[in-house]
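Asks: Chain by chain, the residues:
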Amino acid sequence: MGNMNEPFDPSKSPIGQSVRRREDRRFITGNANYTDDVVLQGQTFGVFLRSPHAHARIRSIDLAAAKAAPGVVDIITGAELADAKVGGLPCGWLIHSKDGTPMKEPAHPVLAQGKVRHVGDQVALIVAETLLQAKDAAELVVVDYEELPAVIDLSAADSTGTSVHDDVSDNTCYDWGHGDKAAVDAAFAKAAKVTKLSFVNNRLIPNAIEPRAANAAYNRSDESYTLYVANQNPHVERLLMCAFVLGLPESKVRVIAPDVGGGFGSKIFLYPEDVALVWASKRVGRPIKWTAERSESFLTDAHGRDHVSTAELAMDQDGNFLALRVKTIANMGAYLSTFASAVPTILYATLLAGQYKTPAIYAEVKAVFTNTAPVDAYRGAGRPEATYLVERIVEQAARDMKMDPAEIRKKNFITTFPYATPVGLTYDVGGYAAHLDKAMELADVKGFPARKAASAAKGKKRGLGYACYIEACGIAPSNIAGALGARAGLFEAGEVRVHPTGTVTVFTGSHSHGQGHETTFAQVVAARLGIPVGNVEIVHGDTGRVPFGMGTYGSRSLAVGGTAIVKAVDKVIAKGKKIAAHLLEAADSDIEFENGEFKVAGTDKKIAWGNVSLTAYVPHNFPLDKLEPGLNENAFYDPTNFTYPAGSYICEVEVDSDTGKVKIEQFVAVDDFGNIVNPMIVEGQVHGGIAQGLGQAMMEACAYDPESGQLVTGSYMDYAMPRAIDIPSFKIATTNTPCSHNPLGVKGCGEAGAIGSPPAYINALTDALGVVDLAMPATPERVWRAANGLPA
Amino acid sequence: MYAFEYQRPTSRDAAKSAAAGADTRYLAGGQSLIQAMRLRLSQSERLVDLGAIADLKAIKADGNGVTIGAMATHASVASNADVKRIAPAIAELAGGIGDPMVRNMGTIGGSIANADPAACYPAGVLAFNATIHTDRRTIAADDFFTGLWETALQPGELITAIAFPAAQKAAYVKYKQQASRFALIGVCVAQTAGGVRVGVTGAKGHAFRATEIENALAKSFTPEAAKAVKMPTTDINADLHGSAEYRAAMIGVIASRAVAAALAR
Amino acid sequence: MDIPISLTVNGKSVTKTVDSRTLLVQYLREQLQLTGTHVGCDTAQCGACTVHMNGRAIKSCSILAAQVQGSQITTIEGLAKNGELHPMQAAFRECHGLQCGFCTPGMVMSAVQLLADNPKASEEEIREALDGNICRCTGYHNIVKSIQFCQSGQTPTAV
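Line by line, the protein sequences are chains A, B and C.
Here the first sequence is numbered in the working numbering, starting from 22 and rising by one per residue.
Here the second sequence is numbered in the working numbering, starting from 493 and rising by one per residue.
Here the third sequence is numbered in the working numbering, starting from 28 and rising by one per residue.
Just so you know, the hints here were simulated from the structure itself, not pulled from any lab data.
As the structure is a computational prediction, the values presented were derived from the model and not from experiment.
Be careful, since some hints might not be right.
[Said to hold, decoys possible] Below are the DSS-like pairs computed for lysine-lysine, each with C-alpha atoms no more than 30 Å apart in a straight line: (1) 147(C) with 752(A); (2) 682(A) with 549(B); (3) 479(A) with 719(B); (4) 431(A) with 378(A); (5) 423(A) with 684(A); (6) 627(A) with 598(A); (7) 481(A) with 668(B); (8) 722(B) with 682(A); (9) 43(C) with 549(B); (10) 481(A) with 508(B); (11) 432(A) with 211(A); (12) 508(B) with 43(C); (13) 479(A) with 508(B); (14) 668(B) with 479(A); (15) 156(A) with 43(C); (16) 479(A) with 549(B); (17) 508(B) with 682(A).
[Unchecked claim] From the derived model, a few chain A residues whose C-beta atoms are all more than 10 Å from chain C: (18) 242; (19) 380; (20) 472.
We treat Cβ as the ideally placed atom computed from N, Cα and C, and that holds for glycine.
Please model the entire structure based on the sequences and the hints provided.
Replies: Below you can see the structure in the form of structure tokens.
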């Protein structure tokens, strides 16, 4: 991989160089434009009144005092939305239970309809001239609640007497199975050794530093709506809102996601607030601006993970994996969020082969409703849950078999590609031993025993843990996704508009909320066209300007969005060749394009890019009988497979048994992302992912009171996010087996860090402590108890 | 936040008159109060901002110790040459509160008046047997912290300064709660003129003296002696950051580290 | 109650009459349209709101505008002089110390004070001093590198 510290070399292709980000200028000078920075003329301010109860019927809502409060413009409740026949929020992925029945899809109202189902559930939207007036008025709304028992405990949700939704009596959304149960049962019957573990994949709160925000405006003159919203996929947001909820034509709605301060999945979904604001903006006749307070974000941003699982790994006497059996209960929260149903199924069970040849796998997943915030995709979305399970049980299997954890992995690695796993995916390429070996070298695994002894001499315990992850990303082939229940396609769009003077604007359906697309996509286009990176402008995030794309999540932007752009660029080049052929009086097939120049093969007759672009728009000498003027092409790309980034992570920790505090002595990450466009940006993605994964493993815990359903961890005072001093610098490297099915050979890198790091950390910690398991987050007290032989 | 009437007096007397009569709070650095007001957890009719009263910020060495003005920021205490010379543990304690931005605004007077059960200063005040000077009397450290968010202060009473006797063999060690960065357990150990004193914060509803550890250290001022003390779990806080059993155990562990740090001076 | 607040912000004198409840961050964002300073939390912990008051870093969400009456305030918009980036800003770009950019203004303001107070800060001291700034994107690795780059006085690359 290129050195991220090298200066840019314009004589070489921009691909593989650490081009410094072009978008940085506005961010480092305070000139960015986040949704809360958007000020619309005449705007009013919205505040949502939210349920203080986890579960309650609404007997009545008295708005009289609130409506009379100073500055109040309007107040909307579920009643107004019901009268207007506003629909509920849809779920985008249909899962079927083992018995063939479709998943339960209880209504997901925009504002509460008779019942509230989690603390923070939206009850009313108060609109006023100032934010303070809206907040003051919200306190005057009188809601008469009849409290109901709260369903909080995940494991007991399907057997408690209380239903979160009246039409789902057992709180079970679906009971799904995947794999070959008979083959797994047969393998277990013959197994020489079985390792069994139970896990909780702890519930997390994404906490992008920019809280959710929206500003919705209705334009009376053309009866259209504009919604500014902190969102990762404006077209999806628009489609869902228009087609399924508000019944508006998409052609009358423009969704703009300006600068967005982090998403990690939490800003994918269609949220009730966005819909309520859009609907109300017409009624109020003025824009309505809303920005979540952090405590509001805690309560209502989709949470992540929250699985309880048991897993069993069957092996023969030599440590070859024979079968894996998994049983998981997954929390959907109170309502089905946009992709919630797919996260613990399609994005999870299909990865249970990991990097291994395990021939038989069977997983059962039960998804249940509870009186907690909706749970949906969060960095990794299903793949961290799968990897945690597989890599923890493999590490424990090594311990049970008294084998080296690297050796047991190598013994079971898939080595020939393409490889069709027993859980439905075909890995196209990979080289797992290569990154494991590189990680072991970087981590100086050989020197570990000496380091362990040195720690012991100081009275400290030291441990080393591995995680070899694989994920499926570059989401996704639409036909496969559709067959698996997706209600949307997962292609991507790219439009390349060449200007007469030769600069280029690229419109991409991908969205950057930190990933640096304005730079990396420009590198890709500049390389392919042979023009300076600075001559390529990337536009994203606006349904009014960009063709329909599915947005950014699932590490798909470069693999899918980048490929769509490449295909559009290739169309531009193809047309450019025809124009050049005309200008050079040669046959189309004799034209070559290289380094920004079109030339006649075998001669030095050539014409520069700028001449061709100008000719396209000033078509005086132009084959108008055969070719249209202009040089503006778009492409929609539907991938033929997922991509399969994989890697090996090694974590080394030292434990202070007196306090339970853990110091991460080193963290090594070697990833195979295929080809790399910008090493600096790729490394940054890995750093951030590792930090979030370590946050999950070390300190992040979303906790609801089991009786009242109150969110106990409702602010940064109680929900611990990693600070700089909590985690170390990382040792990052890459290997490369280029993706076989996209022209860039890229696999995507946005989620890997969060996928591989939790098991690496817990494996290291359990190694240090000599225990079988330690629950995440492994808080100092948990570690202290394990270190001192106290009950958990 | 709820509406309030705002005043910014430039003298102590003006501050006292401003506080008289109405439902009033003093605003010191605001690092706790402003947040409480933002979250609508705190409400007063009148806010009296002490920030313009220059003589409340003074830090002065005197006689046997150092007197720190109530409005001295944590940053100014941490970097003050007299505090570092006379009561270095207090300079270090101040330098570990919150983060650099909090330290540029937060004040010692505001901290002890607020009496957050996990604030650092109360442990230091107790360990050093500091004297709290107000506009109307002096209050001994042992009498100051009376309950959860409660102090001996009367309505309208204004802290003017806190006098710390000199103590060399003293140290404060803070074990940070991972989320809030307040003290999960903070222990200040000081050898004072009146004997060893151990101030503990984060463990109970208010800072207190761990007399069991004081007794052990009086016999043997060593880390081992502190660590050997098993603090009882009575009245010890329990929450998702630490059970009572864990916190109680950490008091001895952190105290022993404070003793080691004190001995290392 | 409404009170007039006069400040010098990024070298310019301003006076606005605002509700006494107005936080400094609201004054900056809403009265002066200086939206580079951000609000990321409501418990004064994330540090996205960090600005300089009389040369010292403070959290503008935890202070009433009234409390800084008459002060010199520098926001992220005031760091670059005559269009030329402050070395810390340039360092953050050089070392990829930002991704989504939301925590960045506060992080940069905090980092500027960090090196002013402790020019030879070690990596551990840098990490400790950033306790009041939360980043969710970068994992801090490159933020530390950016600050170290600024320490070193090296020249950033051109592109």
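Asks: All hints, please: hold or fail.
Replies: Evaluation of the provided hints:
Restraint check for residue 147(C) and residue 752(A): the C-alpha separation of about 24 Å stays at or below 30 Å, so the hint holds. For the hint linking residue 682(A) to residue 549(B), the alpha-carbon distance of about 37 Å lies beyond 30 Å, and the restraint is violated. Simply put, residue 479(A) and residue 719(B) have alpha-carbon atoms about 17 Å apart, close enough for the 30 Å limit, and the pair holds. Taking the CA atoms of residue 431(A) and residue 378(A), the gap is about 10 Å. The hint holds against a cut of 30 Å.
With a C-alpha separation of about 27 Å, the suggested pairing of residue 423(A) with residue 684(A) holds against the 30 Å cut-off. The straight-line distance between the Cα atoms of residue 627(A) and residue 598(A) is roughly 11 Å, inside the 30 Å bound, and the hint therefore holds. Restraint check: the Cα-Cα separation between residue 481(A) and residue 668(B) comes to about 20 Å, which is no more than 30 Å; the hinted pair holds. A hinted pair counts as satisfied when its Cα atoms are at most 30 Å apart, and residue 722(B) with residue 682(A) qualifies at roughly 20 Å.
Proximity of residue 43(C) to residue 549(B) is assessed by CA-CA distance (about 28 Å); at most 30 Å being required, the pair is judged to hold. Between residue 481(A) and residue 508(B), the direct Cα distance comes to roughly 55 Å. Violation of the 30 Å bound is thereby established for this hinted pair. Restraint check for residue 432(A) and residue 211(A): the C-alpha separation of about 20 Å stays at or below 30 Å, so the hint holds. This hinted pair checks out: residue 508(B) and residue 43(C) have alpha carbons roughly 28 Å apart, not beyond 30 Å.
Restraint check for residue 479(A) and residue 508(B): the C-alpha separation of about 56 Å exceeds 30 Å, so the hint is violated. With a C-alpha separation of about 23 Å, the suggested pair residue 668(B) and residue 479(A) falls inside the 30 Å cut-off, and the hint holds. With a C-alpha separation of about 23 Å, the suggested pair residue 156(A) and residue 43(C) falls inside the 30 Å cut-off, and the hint holds. Proximity of residue 479(A) to residue 549(B) is assessed by CA-CA distance (about 44 Å); at most 30 Å being required, the pair is judged violated.
Restraint check for residue 508(B) and residue 682(A): not satisfied, since their Cα atoms lie roughly 47 Å apart, outside the 30 Å limit. Non-interface call for residue 242(A) relative to chain C: holds, since the shortest CB-CB distance, roughly 27 Å, exceeds 10 Å. Every C-beta of chain C lies more than 10 Å from that of residue 380(A), the closest at about 37 Å, which supports listing it as non-interface. Distance check on residue 472(A): its Cβ is at least 19 Å (rounded) from any Cβ of chain C, clearing the 10 Å threshold; non-interface status holds.
When the structure is compared with the earlier hints, violations turn up for hints 2, 10, 13, 16 and 17 and for no others.
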